[in-house]
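Since chain A is already given, all that's left is putting chain B on it; use the hints.
Spelled out from the first residue to the last, the chains are:
There are 2 protein chains.
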Amino acid sequence: MKDFELWIPTKVIFGKKALKQIPKELSSFGKKALWVYGRSSIKITGLYKKIKEILIQENIEFIELGGVKSNPFLSKVLEGIEIAKKQKVDFILAVGGGSVIDTAKAIACGYYYEGNVWDFFEKKAYPEKALPIIVVLTIAGTGSELNEVSVITHDIKKVKHSLRSPLLFPKVSFLDPTLTFTVSPEHTAYGAVDAFSHVFEFFVNREYKKDSLVEDLMIVIMKNIIKWSKIALKEPDNYEARANLMWASSLALCGLIKAGIGSYRFPIHAIEHTLSGGYDIPHGLGLAILMRAWMKIHRKDEIIRKFFTKVFDLPIPEKGIEFFENWLRELRIPMSLKEIGIPKEDIDTLVDKAFEIFLLYGAEKEYPKEKIREILETAFF
Amino acid sequence: MKDFELWIPTKVIFGKKALKQIPKELSSFGKKALWVYGRSSIKITGLYKKIKEILIQENIEFIELGGVKSNPFLSKVLEGIEIAKKQKVDFILAVGGGSVIDTAKAIACGYYYEGNVWDFFEKKAYPEKALPIIVVLTIAGTGSELNEVSVITHDIKKVKHSLRSPLLFPKVSFLDPTLTFTVSPEHTAYGAVDAFSHVFEFFVNREYKKDSLVEDLMIVIMKNIIKWSKIALKEPDNYEARANLMWASSLALCGLIKAGIGSYRFPIHAIEHTLSGGYDIPHGLGLAILMRAWMKIHRKDEIIRKFFTKVFDLPIPEKGIEFFENWLRELRIPMSLKEIGIPKEDIDTLVDKAFEIFLLYGAEKEYPKEKIREILETAFF
Numbered sequence: 001m002k003d004f005e006l007w008i009p010t011k012v013i014f015g016k017k018a019l020k021q022i023p024k025e026l027s028s029f030g031k032k033a034l035w036v037y038g039r040s041s042i043k044i045t046g047l048y049k050k051i052k053e054i055l056i057q058e059n060i061e062f063i064e065l066g067g068v069k070s071n072p073f074l075s076k077v078l079e080g081i082e083i084a085k086k087q088k089v090d091f092i093l094a095v096g097g098g099s100v101i102d103t104a105k106a107i108a109c110g111y112y113y114e115g116n117v118w119d120f121f122e123k124k125a126y127p128e129k130a131l132p133i134i135v136v137l138t139i140a141g142t143g144s145e146l147n148e149v150s151v152i153t154h155d156i157k158k159v160k161h162s163l164r165s166p167l168l169f170p171k172v173s174f175l176d177p178t179l180t181f182t183v184s185p186e187h188t189a190y191g192a193v194d195a196f197s198h199v200f201e202f203f204v205n206r207e208y209k210k211d212s213l214v215e216d217l218m219i220v221i222m223k224n225i226i227k228w229s230k231i232a233l234k235e236p237d238n239y240e241a242r243a244n245l246m247w248a249s250s251l252a253l254c255g256l257i258k259a260g261i262g263s264y265r266f267p268i269h270a271i272e273h274t275l276s277g278g279y280d281i282p283h284g285l286g287l288a289i290l291m292r293a294w295m296k297i298h299r300k301d302e303i304i305r306k307f308f309t310k311v312f313d314l315p316i317p318e319k320g321i322e323f324f325e326n327w328l329r330e331l332r333i334p335m336s337l338k339e340i341g342i343p344k345e346d347i348d349t350l351v352d353k354a355f356e357i358f359l360l361y362g363a364e365k366e367y368p369k370e371k372i373r374e375i376l377e378t379a380f381f
Numbered sequence: 001m002k003d004f005e006l007w008i009p010t011k012v013i014f015g016k017k018a019l020k021q022i023p024k025e026l027s028s029f030g031k032k033a034l035w036v037y038g039r040s041s042i043k044i045t046g047l048y049k050k051i052k053e054i055l056i057q058e059n060i061e062f063i064e065l066g067g068v069k070s071n072p073f074l075s076k077v078l079e080g081i082e083i084a085k086k087q088k089v090d091f092i093l094a095v096g097g098g099s100v101i102d103t104a105k106a107i108a109c110g111y112y113y114e115g116n117v118w119d120f121f122e123k124k125a126y127p128e129k130a131l132p133i134i135v136v137l138t139i140a141g142t143g144s145e146l147n148e149v150s151v152i153t154h155d156i157k158k159v160k161h162s163l164r165s166p167l168l169f170p171k172v173s174f175l176d177p178t179l180t181f182t183v184s185p186e187h188t189a190y191g192a193v194d195a196f197s198h199v200f201e202f203f204v205n206r207e208y209k210k211d212s213l214v215e216d217l218m219i220v221i222m223k224n225i226i227k228w229s230k231i232a233l234k235e236p237d238n239y240e241a242r243a244n245l246m247w248a249s250s251l252a253l254c255g256l257i258k259a260g261i262g263s264y265r266f267p268i269h270a271i272e273h274t275l276s277g278g279y280d281i282p283h284g285l286g287l288a289i290l291m292r293a294w295m296k297i298h299r300k301d302e303i304i305r306k307f308f309t310k311v312f313d314l315p316i317p318e319k320g321i322e323f324f325e326n327w328l329r330e331l332r333i334p335m336s337l338k339e340i341g342i343p344k345e346d347i348d349t350l351v352d353k354a355f356e357i358f359l360l361y362g363a364e365k366e367y368p369k370e371k372i373r374e375i376l377e378t379a380f381f
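These protein sequence lines map, in sequence, to chains A and B.
Residue numbers for the first sequence, in my numbering: 1 to 381.
Residue numbers for the second sequence, in my numbering: 1 to 381.
To be clear, the hints were calculated from the coordinates, so they are not data collected in a lab.
Check before you lean on any hint, since a few could be wrong.
Which copy? The list can't say, so a pair holds if one copy fits it or any two copies do.
Once the Cα atoms are required to be at most 30 Å apart in a straight line, the calculated DSBU-like pairs of lysine-lysine come out as [said to hold, decoys possible]:
1. Lys-227 / Lys-49
2. Lys-223 / Lys-209
3. Lys-69 / Lys-296
4. Lys-16 / Lys-210
5. Lys-306 / Lys-16
6. Lys-223 / Lys-306
7. Lys-227 / Lys-310
8. Lys-227 / Lys-306
9. Lys-296 / Lys-369
10. Lys-11 / Lys-49
In isolation and in its complexed conformation, chain A is listed as follows (with noise of 0.2 Å):
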């Protein structure tokens, strides 16, 4: 085991009920708040309505900042920032997905912050203080309420960067999978997909790889991903599947399953980034692509068998792919990027951006061109 360090200071209200204790949480933070939302499903859920009446009773006024999509622009973070600095707000409320909580985040660290607040994505300045973040999730899978990490695109440059700092952890959060009973077959699956894609990056880019108890807890969470997505899928209604998948997602990039792995590398999702941030297509479909070919490449490493052998019970590598592949099926997820449209002719413009990534943290001798476009060409079929 690597050493390392371990603190996720944020508070997980889960369950059911979980909803019925924003009031005595939300007391403490203040009397005016942004409430940061996505598009209309919370309106068609009822969820809006449920919210706008908490806030109201407990006096606590608010502006709303809707509308915000998936792969969240820097643009709207900007006008977030505008609005809670005009209006002096007290806290964030994010009501949505990874997406939402992102744009909160974001929005939470430039509300002190002079300059313009991509410098952060950019590494040229670092927050030095954050507005409190409560959170209420509407769908698993980016793990954004239980860590430190906000993921934004530039609306012109079209890249998607992201930032970490312990300010940005969500001081609440609230997680009621009965919440995600309306989340669509694909997103939720896209979601599943997402946060399996974080435990395979700490599983197979990771320094530490021998057996341990942090490599445990990683197996268990990515099969209880398989197996409790396949079911939300078939039953959107079922609660323990929600309430596994939720928590499995949440648990999958909170720091605890990296605890001991030493350094790692995010690499699917470095290039994922540059599909995603340019194509505007589902995160969790860049990945699942990208999983699938980065398994064909390395098939046959140690890492990647073990992998095989001891999340999908299957030692060999043929037939570890093909599981995956079957789960990809099962989730109706496109397993290629011919398949989603994307024009072979912009393999190059991908590698360089995918390569500028790879640039800003210090990971560009690890993956060079060749590599990258080597997983891209496999992932094209």
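Only chain B this time, still in chain A's reference frame:
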């Protein structure tokens, strides 16, 4: 899955170089510490000297409270509170195992209380404020370094009670597995059994018993404790064994493992507290004996069969008990009350004392005297 709240605000600094972070972390907690530790071991290993040097170098004034014994006494806590109040310390530094940490926790909340701190343990009052607690862990087992519980023995009444308050989470816990290289085989074994017992109790005495992610997390933690404890016993300097054992012990009682299981009971601990509180035997020893008795009595219950199947990979009850006995044998732990010389005629007193604990927790209907007697009598041979 059942609804839950999970909040673990303790920062963990884990690894070979963990102690190097002490100066940086301590700086925010003030300039005067009550330094709590146990008996001679930290002086023999050189840890005492190392900590002293750090404190001097950081200009932190400190008052020492050494001599904390296992199954720590209230009298020591009261002594600590008196010193802390007189000296107006800013924080408590606990260097040791569970007993030292639990003593530090009781002092931390007793500091702000006018009455006798034992009131908290008898649930006659609740802590409202506590001094910050910093931990340097020297033995794996209790998990006190990552939770909000303190267990103290009343010197005269010879009863052992526990106190739970979110104020008692350590602010920072330094976990350096190399510090446990010098832990004796005996105490390595008792620590492992203690940690194992926490997960075992959650596993068998929980409301929600279905397959779930949290159940799988429990299973891998128990498996890892068994695996690495055997290695640590044979090779005391094996870093991987010590590290995995330490981290498994911390996770075993930090809240993660009970998140979603609903209500639960710790009957084996309740009964054990009458043993270690009454005869000053190691807590882990009492737990080993009582777990074995519990398995024998309940060997055909569905949940114990699930435990045998999933943790020991042995679906046959008799084989399961044998497996557990073999583990205890490898750890060189006695298996019955008779073997450790508890007089059989004490059973009546033990039953009465244990029953009082169940009364305190409102669990007297689930655990009437006949049930307690059955467990103790089974534990005799």
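Verification of the supplied hints:
Taking identical chains as interchangeable, the C-alpha atoms of Lys-227 and Lys-49 are never at most 30 Å apart, the minima being 33 Å within one chain and 52 Å between chains. Taking the shortest Cα distances, Lys-223 and Lys-209 sit within 30 Å of each other both inside one copy (19 Å) and across copies (19 Å). Proximity of Lys-69 to Lys-296 under the C-alpha cut-off of 30 Å is found in neither arrangement, the shortest distances being 32 Å within a copy and 58 Å between copies. For the homomeric pair Lys-16 and Lys-210, the shortest alpha-carbon distance between copies (17 Å) is at most 30 Å, but the shortest distance inside one copy (39 Å) is not.
Proximity of Lys-306 and Lys-16 under a CA criterion of 30 Å is satisfied inter-copy only: 27 Å between copies versus 37 Å inside one chain copy. In the homo-oligomer, the alpha carbons of Lys-223 and Lys-306 lie at most 30 Å apart both inside one protomer (14 Å) and across protomers (18 Å), since each shortest distance falls under that limit. In this homomeric assembly, Lys-227 and Lys-310 come within 30 Å of each other (Cα to Cα) both inside a single copy, at 14 Å, and across copies, at 17 Å. In this homomeric assembly, Lys-227 and Lys-306 come within 30 Å of each other (Cα to Cα) both inside a single copy, at 19 Å, and across copies, at 19 Å.
Proximity of Lys-296 and Lys-369 under a CA criterion of 30 Å is satisfied intra-copy only: 18 Å inside one chain copy versus 62 Å between copies. For the identical chains of this complex, Lys-11 and Lys-49 are intra-copy neighbours only, at 24 Å inside a copy versus 37 Å across copies, given an alpha-carbon limit of 30 Å.
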